[in-house]
Each structure stands twice: as structure tokens, then as C-alpha cells.
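Q: Line order of the protein sequences matches chains Z and E. Residue numbering for the first sequence follows full-length UniProt numbering, starting at 1 and increasing by one per position. Residue numbering for the second sequence follows full-length UniProt numbering, starting at 1 and increasing by one per position.
Simulated from the structure, these hints should not be mistaken for lab results. Remember, it's a predicted structure, so these values are computed and weren't measured experimentally. There may be inaccurate statements among the hints.
Stated by the list, open to error - Examples of chain Z residues toward chain E, derived with CB under 10 Å:
(1) Leu233
(2) Glu237
(3) Val239
(4) Ser320
(5) Phe323
(6) Gly326
(7) Glu327
(8) Ile347
(9) Pro352
(10) Ala353
(11) Ser354
(12) Leu356
(13) Phe369
(14) Ser372
Stated by the list, open to error - Over the 10 Å line for every Cβ pair with chain E, so calculated as not near, a few chain Z residues:
(15) Leu316
(16) Ala345
(17) Ser496
C-beta atoms are modelled at their ideal positions from N, C-alpha and C, and glycine is treated no differently.
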Amino acid sequence: MASDVHSKGVTWDTSNGNLTPVEHLPNSRSESPTPGLVEGTEPGAGQERAMFVHTQSFEDLTADVELTGSRLSEIEEVEEEKEEEQQQGGGGGTGETGGGAEGVEEPKQEVHAVVREKEEDHVFVLSEAGKPIYTRYGSEEALSTTMGVMMALVSFVEANKNVILSIHADGLRVVFLRKSPLVLVCVSRTGQSDSELWRELHYVYYQILSLLTLPQLQRVFQQRQSYDLRRLLSGSERVTAGLLRLLETDAGLMLNATMSLPLCGTTRNIVCTSLQAASSKNLVFSILLAGDRLVALIRKKEQHLHHTDLHLLSNLAASSSSFRQGEGWTPVCLPKFNASGFFHAHISYFEPASDLCLILVSTDREDFFNLSDCKQRFLERLKKRNAYQTLKEALHSPTYPVSQVGIPELWHFIYKSKSSGLYTSPELPVPYHTEEEQERLMDLYQYLHSRLHHLTRPLRSIYRCTNTENLLAWSTSGFELYLCFSPLATKALAMSAVTKLLKWIRKEEDRLFILNSLTY
Amino acid sequence: MMSYPVAPPVLLCGVSKTKSQTILFNLLIEHQPTEDKFCFFHPERPTMTAMRVDAKVVMLGKESVGKTSLVERYVHHRFLVGPYQNTIGAAFVAKSINVGNKVITLGIWDTAGSERYEAMSRIYYRGARAAIVCYDLTDNSSFQRARFWVKELQTFEEHCKIYLCGTKNDLVEGDRSARQVDYHDVQDFVEEIGAQHFETSSKTGNNVDALFLKVAEDFSNSAFEFLPEEKGVNLDQKKNSYIYTCCHH
């Protein structure tokens, strides 16, 4: 469970105190009953220090788990009442809009947007004044009455010194996240747990912070409560949409981990050391990505990147084609690292059509040409050592077939090494070639994940049989493993597969993981 | 193209450490998560790499007027059809252009139009020799926004030449009623502020090369004029001119 996930020997306190906020540093760590699988010795574990901040699943939620646990019963009662009220409120809202002179088309859109056919989560962001800020579907204007009702629900419960967490009704979950000065709401039919939905909302919240920083966000609303935040967020719709898409398809966001690009050890070494050499005074992180996969990450001494921040950065780089045409230079806040300030990111693709993207994060807003120079030096060094071509070739096979492992009936797996914060996963085999099937598998993994990391009743392992596949999930202090077998597999086979798979990953860890965490 | 020596770092430090620069800098800094607030290298420092910039050109204007498309047309000679994509922050691209018998490298900063970046837009236009302020010929509000940028430039960058550019000319050529910004109104405004005026279409490429050629020509003609009166006024420009002259003698 969450509390297992702490590192050995990682320095949390940074000499440079103003860079990293200190409050959410974990300090407890539990003993593992299986010594061979203790964190730090599992396959894929980093050899020296971890490059990422160690994270827990649902770490944002675990902080107030006690609070929610004790209040749960109380809140549920309140929720029952709310449901009815919401239905009434929603109906009333529709009527109002329909009566308006301008909103002839709007009511339909509103109803359609709230009660959607599509099996995707609907996400709303509103201000404390009930003003719409973001909606995943439909337009904010058309949904302003709905959002008004949402805000009414939140403040009604708050008036009784309580917090509304979620509403469960008729296969529908409405989950609320209160992050002053914002309120985030997710409406889901997919049967995901509340924790999964909170995680999504947290990501949307961090996305907004990464564009504005927390002080700016607070200041704007302090000055004027009814401020229309859409003005400041305009142009970020694609970024947020991309992020929500990733949340549904990318296991890394679920696991709080990053997948690295499979690359032979020597090439990775050259890439890492070349990137390390191309440093500059104010550089904090150098990140080389191949699509959504990490190729190399170099960081300033004592500074650790958080997965959330990395996912936000890689989503940002992927969501505008302008980075492919020139060199991008943009202020960006890494909310998990420090929500109160901007870093400045130099984002560029190596070739317009290539997936290789270099992100250089600096503290100095005037650093553009220095970083541009760093990129050139890195590229020259790579070419001189003949690694550029190898790297480009590795991009052609960014993944591997599961057959390489040699376990019969095994269709797919996800293995996360907790101490390195990296995970590996083979390509999706035949049954999962359509997008719907991929999402279905992802939903299954999410279900297993939320069972393993249940806030009050966590599990160590879970085996689940369905008509279409058999699944096994196992969490130790060292790793998390999710296996997907054909329906013909048995539990005994699945158990023996784990050992075999771990051995295989150990053998291949050089290629599948980034074992050295380099600093400048 | 001639190869230029890289200016010694001593000179560069001297340039940006002066008082005026520092004051400007402190004004700009709000949430820097670092104690290191001074820039020791000039932002337009010519690097050892292929890129060496003579003139900084900045694209300004309301979002979705077509700044990126304009740069895309000029630099890559293409017009991308597809869903609109916002620029994030700013994108930099360098492009060389022949003016007479000289080669001028324009460093073009394509900025994002979103209001979010307004507070930091100054880092993008500081020291710019030319600003291409774009507005959409079919959107009157974008012209109001262009007026804002002109005022901003006149206040903070008095040496920056302004080029007003009406975009999406192809839309108004096909349908006169689509035009929301009158040509003569803009012409009057342009004469009043002493700027240049272009109407372009990135889709057809109409007038795009002419616009950037004019920018480069004006820079080339003014590069020498600037030198004597530049002392201590705008250090960005002084340094460029210095390298420029010493290499051409």
C-alpha cells in the first residue's frame, strides 16, 4: 500500500530550500516480509539514487484519508438528500435556459452534455462564485446553470461544516474536489472508483496550476471573485483535452510512473552522458522523450522530478505543433515541485517529423539562447559518437512483443519498479488492437489498481477471472505487477508466471529501465 | 555568409549588468523560484552554432489571427490545414535572407496570443528591432488588440520598428463583405504612428515574402545609423551593431 513506497537513502531535504517545498515529504516506511523483493533490489531498481520523487498511488488523497474515513457515514446521509435536489435543480436549470431569449439551442446541448452516451468521464471546473471555467464537453456558457447547481451543492454541505466528496446514483458517480479557489467536478459512468476520479481531477487542477501558478490563481480571485478565468486559460483547451485522454489510456498516470524507451545499455549510456555534459548554469532538468516514453533524464543535484510534473510536461510538448516548427520557450510551473513559481522550458523536437523531443527546464527566463546552445551541443555529441542514428532506429521499435518473455497464455503485463519510478509494458497483442478494447483493458487495470490501493482496505494481490481474460495484480514494497492472461490460464500458471517474468525483467533491465540516475 | 567571431564573454557581461538592464529585470521578475535574478549572458548572444541572429523580429497580435501561419509560410513555404493549434509560450526560428549583397539573419519570435502570457510578453519583444503586429482583416476586435500592442511597443521599445499586418487577405478578396477592418482607416493609423502597413495571406502566400524582405531591408539600412546615438540607451541594439560593424570593416 501507499506507505510502502518510500526510498532508501534518497535525500529529501534539499540544500536549496527555496526550490522544493518540504511539507509533503513522506517519512514512514514499512518493512517488507519478502526480503528478495524489498524496494531497491527489485528488477529495474535504480543503482544509485532515484531520479523521481517517490510517489504513492493517490498520494494527494492519502493525506486526508483519516478525515474522510471518520466522516464518511455522516457524509453519505447528506449525499442521499443531495441527489434528489440535484435532479430537481438540473431540471429547473434547463427550464430557465430554455426560457431565455438567446438560448434556443442551448438546452438540448446542456442535457446532452450532462447525460452523455459516450462512456467517458465528464469534467467540469468552476470558480467558487459558481462561474464556469472549463467543461470537457459542450460549451461553458450553456452549462452555467448546471455549474451553478454544482456550486450550490458544494456550499450547501459546507454550510454545515462538512465536505461533499461524491454522489453515487444510478450507475453515475459525481465526484467533487475542492481546491480553493477552484471546484472541480467529475461525472462518470465507467464504474471507476472515487479515488481514480479524484486522481483525474487532481491532474486537471495541476494542469491549471502549471499554466498560472498558485499565487497568480489566488490573486486573480482575491481581486475579483467573479473573475472569468477562461480569459487566462484560453488556448490551453487542447492541452487539457490531451491530458484527459492520457488519463484514460496511459498506465503511467495511473501508476505514478514513467515508461522508458527500450534501448541497448551502451546507447543509453552515451545519450545520458552526452545530455549530462550539455549543461548550463541554471538548468534544473534535461528530459529527452520519445513520444510519451522517457529516454533520459538528467537533473540538478538534490533535485527530484515528480511524475505528475513530468506527465504534464510531456503532455504539453505533445499538444502543440508549434514546438515541431521552431524552438519553443515557455514559462511553466511544475506544481508538484513548487506550485508558486515558474520555470522556463525550452521545448524542441529534433526533426519536425520525429518523436524525439528535448525539454530543458531552467530557472532563468533569459536562458533561451543558452539552452538552445545546450541542445546543439548535445546533438553534436550524439552524432559524433554515432548514437543519434541508433537512437532513431530504436524509435522504430519503441516496444517489444510479449512473446519475448516466453510465458504461454500471457497476453500483456505492466511492471512498475517502485524505487526507480519506471514501468515497462509490452505492446498490446491482437485482442487489443481496437481503441475500445485497449480502453477496456485499461479500465480493468484501473480496477485492479484501485483495489490494490484502496484507501481504507488495500489488497496485496488480486486474481480476477472474466469471460475474456484472467488478470492478476500483485503489489510488494518493491514493485507492482499487473498481468493479463488469456481466459484459458489458471491461477497456478499465473503464479508461476510471476517468477519467470521477474527473472526475465531482471535479465533485460538494462534495456528496459534507466538504471543510472545522473546529475549535472 | 561570413563567419563572425564570437564576442568575448567579458563584453557580454558588461552589457547586461548595467543599471538600466537590472531595473528592467527586477520589474519583470515576479515568481522566479531562484535567487539568481541576473542575466549574465545577453539573450541574443550569438552562439557557436549555426544560428547567429542579426535582427530580432517579434510577432504580436491577438490569438488566432495567424501569426504562426505567417511564420510557417515565410520560413517553410507551406500552409498547414487542420484544427487550430495554439502556440504555447513562444516559438523561435531563425531565417537568413539576402538583402542586396548582404545576408541578414532574422531571429523570429512567434509569440502566443493568449492573455496568459501578456505579463511576460516583454521578455519576447525586448530588444526587438522589428515587430510585426498582426490583426485579422475579418475581425475588428483583433485590430483593437493590435492598437494595444502598438502602444505597448511605443512605450517600452522605442527603437523597434512596427509593421502592421492584416492577415487572411484571401478571405476578404473572395468576399468583400467579410472585411471588418477598413484599409484606409489602418493606413491613417499607420501614418500617424510612423509604421508600415501590409495585408497578407498565408494561405496563398500573397505579400508574405515582401513583408519580411521589407523588415530585413529596413534593418540593413538602419544598422549603421543607429550606432552613434545608441550609447547607453538600448544595450541590446548596441551590441548587435558593434559586432556587425567590426566584422564588416
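Q: Does each hint fit the structure? Answer for all of them.
A: Tested hints:
no.: 1; hint: Leu233; verdict: 7 Å, holds
no.: 2; hint: Glu237; verdict: 8 Å, holds
no.: 3; hint: Val239; verdict: 7 Å, holds
no.: 4; hint: Ser320; verdict: 5 Å, holds
no.: 5; hint: Phe323; verdict: 7 Å, holds
no.: 6; hint: Gly326; verdict: 4 Å, holds
no.: 7; hint: Glu327; verdict: 5 Å, holds
no.: 8; hint: Ile347; verdict: 8 Å, holds
no.: 9; hint: Pro352; verdict: 9 Å, holds
no.: 10; hint: Ala353; verdict: 13 Å, violated
no.: 11; hint: Ser354; verdict: 16 Å, violated
no.: 12; hint: Leu356; verdict: 17 Å, violated
no.: 13; hint: Phe369; verdict: 5 Å, holds
no.: 14; hint: Ser372; verdict: 7 Å, holds
no.: 15; hint: Leu316; verdict: 7 Å, violated
no.: 16; hint: Ala345; verdict: 8 Å, violated
no.: 17; hint: Ser496; verdict: 49 Å, holds
In summary, the numbered hints that this structure violates are 10, 11, 12, 15 and 16.
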